[in-house]
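2 protein chains.
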Amino acid sequence: MPTGGKAGSARRLQSLDEYAGSRVLVTGGLGFIGSHLAAALVELGAEVTIVDALVPGLGANPYNLRDIEDSVAVVRADLRDPAGVDELVSGRDHVFNLAGQGDHLASMRDPENDLALNCRAQLNLLEACRRSAPETRLVFAASRQQYGRPRTLPVHEDHPLDPVDVNGINLCSAEAYHLLYHRVYGLRSSSLRLTNTYGPHMRLEEGGHGFISHFIGLALHGETIDVYGDGSQVRDFLYVSDAVDAFLAVGITEATAGQAINVGGCGRTSVREFAELCQSAAGRSGRVVAVPWPEDRAAIDVGSVYLDHSRLEAATGWRPQVGIADGIRQTLDFYRSHAHAYRS
Amino acid sequence: MPTGGKAGSARRLQSLDEYAGSRVLVTGGLGFIGSHLAAALVELGAEVTIVDALVPGLGANPYNLRDIEDSVAVVRADLRDPAGVDELVSGRDHVFNLAGQGDHLASMRDPENDLALNCRAQLNLLEACRRSAPETRLVFAASRQQYGRPRTLPVHEDHPLDPVDVNGINLCSAEAYHLLYHRVYGLRSSSLRLTNTYGPHMRLEEGGHGFISHFIGLALHGETIDVYGDGSQVRDFLYVSDAVDAFLAVGITEATAGQAINVGGCGRTSVREFAELCQSAAGRSGRVVAVPWPEDRAAIDVGSVYLDHSRLEAATGWRPQVGIADGIRQTLDFYRSHAHAYRS
Numbered sequence: 001m002p003t004g005g006k007a008g009s010a011r012r013l014q015s016l017d018e019y020a021g022s023r024v025l026v027t028g029g030l031g032f033i034g035s036h037l038a039a040a041l042v043e044l045g046a047e048v049t050i051v052d053a054l055v056p057g058l059g060a061n062p063y064n065l066r067d068i069e070d071s072v073a074v075v076r077a078d079l080r081d082p083a084g085v086d087e088l089v090s091g092r093d094h095v096f097n098l099a100g101q102g103d104h105l106a107s108m109r110d111p112e113n114d115l116a117l118n119c120r121a122q123l124n125l126l127e128a129c130r131r132s133a134p135e136t137r138l139v140f141a142a143s144r145q146q147y148g149r150p151r152t153l154p155v156h157e158d159h160p161l162d163p164v165d166v167n168g169i170n171l172c173s174a175e176a177y178h179l180l181y182h183r184v185y186g187l188r189s190s191s192l193r194l195t196n197t198y199g200p201h202m203r204l205e206e207g208g209h210g211f212i213s214h215f216i217g218l219a220l221h222g223e224t225i226d227v228y229g230d231g232s233q234v235r236d237f238l239y240v241s242d243a244v245d246a247f248l249a250v251g252i253t254e255a256t257a258g259q260a261i262n263v264g265g266c267g268r269t270s271v272r273e274f275a276e277l278c279q280s281a282a283g284r285s286g287r288v289v290a291v292p293w294p295e296d297r298a299a300i301d302v303g304s305v306y307l308d309h310s311r312l313e314a315a316t317g318w319r320p321q322v323g324i325a326d327g328i329r330q331t332l333d334f335y336r337s338h339a340h341a342y343r344s
Numbered sequence: 001m002p003t004g005g006k007a008g009s010a011r012r013l014q015s016l017d018e019y020a021g022s023r024v025l026v027t028g029g030l031g032f033i034g035s036h037l038a039a040a041l042v043e044l045g046a047e048v049t050i051v052d053a054l055v056p057g058l059g060a061n062p063y064n065l066r067d068i069e070d071s072v073a074v075v076r077a078d079l080r081d082p083a084g085v086d087e088l089v090s091g092r093d094h095v096f097n098l099a100g101q102g103d104h105l106a107s108m109r110d111p112e113n114d115l116a117l118n119c120r121a122q123l124n125l126l127e128a129c130r131r132s133a134p135e136t137r138l139v140f141a142a143s144r145q146q147y148g149r150p151r152t153l154p155v156h157e158d159h160p161l162d163p164v165d166v167n168g169i170n171l172c173s174a175e176a177y178h179l180l181y182h183r184v185y186g187l188r189s190s191s192l193r194l195t196n197t198y199g200p201h202m203r204l205e206e207g208g209h210g211f212i213s214h215f216i217g218l219a220l221h222g223e224t225i226d227v228y229g230d231g232s233q234v235r236d237f238l239y240v241s242d243a244v245d246a247f248l249a250v251g252i253t254e255a256t257a258g259q260a261i262n263v264g265g266c267g268r269t270s271v272r273e274f275a276e277l278c279q280s281a282a283g284r285s286g287r288v289v290a291v292p293w294p295e296d297r298a299a300i301d302v303g304s305v306y307l308d309h310s311r312l313e314a315a316t317g318w319r320p321q322v323g324i325a326d327g328i329r330q331t332l333d334f335y336r337s338h339a340h341a342y343r344s
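Protein sequence lines correspond, in order, to chains A and B. Each residue of the first sequence is one higher than the one before, counting from 1 in the numbering used here. Each residue of the second sequence is one higher than the one before, counting from 1 in the numbering used here.
No lab work stands behind these hints: they were computed from the structure. Misleading hints may appear alongside valid ones.
[As the list claims (entries may be wrong)] To spell it out: a stretch of chain A is covered by chain B in this simulated footprint if at least three of its residues, at any positions, have a beta carbon under 8 Å from a beta carbon of chain B; those stretches are:
| hint | stretch |
| --- | --- |
| 1 | 171 to 181 |
| 2 | 272 to 285 |
[Claimed, not checked] Derived contacts from chain A toward chain B, CB cut-off under 10 Å, selection only:
| hint | residue |
| --- | --- |
| 3 | Leu-16 |
| 4 | Glu-87 |
| 5 | Met-108 |
| 6 | Gly-168 |
| 7 | Val-184 |
| 8 | Phe-334 |
Glycine is no exception: its CB is placed at the ideal position from the N, C-alpha and C atoms.
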């Protein structure tokens with residue numbers, strides 16, 4: 001990995017030899033997680049092609065490839081358009097499918113756009129794989145957001161899917177398509193339901209990228225972080241190198257084909273505690289203040305949520321490696337020298 | 001109702017006075033169930049507007065309105081295009097939303113088209129209602145197909161949704177949008193998960209319209225009916241007047257807003273028994289023969305399925321009225337004089 005998040009690399013390199021020389025496509029590979037995954041695959045000796053539409057607001061950033069730009073092929077293409085998708089997937093041993101929108105509020109403002117980005121594009125990719133890459137190993141980036149407000153904690157994969165926004169509904173469909181194409185066509189696809197993921201390469205603007213990057217941006221500048229309510233909502237924050245390890249592990253574990261699999265984080269931390277760790281790591285004496293819930297946020301809030309990741313652990317041996325304090329420190333270390341590239 | 005299915009009408013007319021003078025939009029109103037619903041609403045004194053895109057293959061048939069064409073307004077418009085949808089919903093007391101595709105095999109052949117018909121169109125309608133008819137009462141036609149292969153019988157609304165084809169996935173999304181718009185925006189929408197519905201106004205071609213209309217078409221001509229496997233799969237067949245009664249009852253029952261509700265049929269009947277009843281009612285000595293499952297059908301078959309409709313009964317007093325033998329007889333009576341209009 002180019003910067004930050006070395007934890008877990010040693011383990012990865014020991015067991016992931018089969019990626020060496022393999023032909024891999026990473027969709028959304030200019031984005032936050034996709035760019036780290038591409039870098040890890042390069043490090044493992046894979047022949048990596050990135051496809052990204054560079055849709056504004058979705059996190060694609062050419063700067064994310066600064067350390068690997070000579071080692072990967074980059075194709076600018078929009079999966080919403082079926083033209084050319086067959087050529088992109090043809091001959092790939094692996095497709096890591098991280099394209100899409102994860103912006104809750106944007107999905108409520110423009111539900112049709114969310115549908116096109118998260119459902120139409122995914123159907124195009126799956127149809128292309130069915131036709132032109134039926135043997136490929138496909139791993140889709142889904143979200144714990146699909147569960148909605150948890151009825152039981154920790155959230156197991158069998159928990160009902162009851163998303164609270166259009167984005168969550170469309171992600172459920174996108175995941176269901178992936179699993180259906182396994183069931184009906186034998187396509188070797190898995191879906192990873194990622195919990196809140198953080199680390200280098202996140203955009204730092206407030207808005208659709210979630211509270212994590214917003215908090216980090218504020219902490220960097222010593223500004224006050226507002227937490228909604230009392231900030232007691234619990235999350236299991238996932239450092240990006242652990243997310244990458246999960247994709248890599250699932251991609252070579254045949255038994256996970258056809259499955260939806262939780263990727264939970266390291267421990268359980270309240271939103272307020274996360275904010276305080278950000279301020280502490282930044283060392284600039286910014287404060288954390290509780291404020292009332294804004295109406296649009298409250299309508300789609302899910303309360304505390306953390307995942308049971310025993311299915312992934314049993315199938316692959318994966319466990320999250322990077323604790324919250326280490327992860328936040330590495331993240332802030334990164335942005336101290338690179339923040340200019342993550343603000344518009 | 002114009003033809004057939006008089007059972008239940010008396011009860012309906014007693015309790016449904018509030019539709020008199022109300023302004024009602026029926027989407028997909030040229031189709032099988034939509035046209036019966038429109039006729040019932042006319043009979044109840046409602047001011048009915050039908051919108052239909054007349055998409056080939058979806059069952060729209062101007063002949064379905066032959067008895068009410070002077071009593072309803074018909075707008076040819078495609079909900080996939082957002083232009084004009086606000087004007088259509090504005091001022092309506094009720095919107096019965098029966099537009100969409102229910103064709104399992106077509107959804108696998110052309111998943112993007114199914115997505116546009118069942119998700120994009122529904123988002124357009126919901127956005128228009130949110131903006132221009134926030135007080136309307138909206139009832140959506142969903143399907144028991146969303147459950148997939150039942151894990152428990154009869155299938156209750158809490159049964160996991162695990163559809164076996166793209167159409168089922170997209171219907172789940174369409175329903176979820178309707179319930180989300182209730183939760184987030186207070187839109188008074190309900191979703192009816194209809195079991196296998198039959199009766200006058202079905203298309204009679206083989207193909208995407210399910211086995212029921214195909215069987216009836218064969219029986220009319222005294223031809224052999226092939227049932228897949230041994231034909232022992234059980235269904236709870238729903239006569240169309242009972243489906244109409246369910247829409248009407250839910251449309252005036254405020255407590256059902258925000259809910260998904262099963263609409264089950266009258267009793268439980270095997271597919272083979274249904275075929276034999278068709279042959280018997282036709283009186284033309286056609287036979288019923290068991291044949292092996294075709295591969296494309298077997299891949300998306302769900303086995304036996306019948307619904308628990310106690311939620312609907314508790315909320316509205318609705319119960320199915322038309323038994324299977326009566327329903328099949330009325331259906332065949334209808335097609336003896338009208339079949340010419342239901343074949344292409």
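Here is what the structure says about each hint:
1. 171 to 181: holds (count 5)
2. 272 to 285: violated (count 0)
3. Leu-16: violated, 32 Å
4. Glu-87: Interface hint status for Glu-87/A: violated (18 Å vs cutoff 10 Å).
5. Met-108: Where the cut-off is 10 Å and the nearest Cβ of chain B is about 7 Å from Met-108/A, the hint holds.
6. Gly-168: holds, 9 Å
7. Val-184: holds, 5 Å
8. Phe-334: violated, 36 Å
The structure shown violates the earlier hints numbered 2, 3, 4 and 8.
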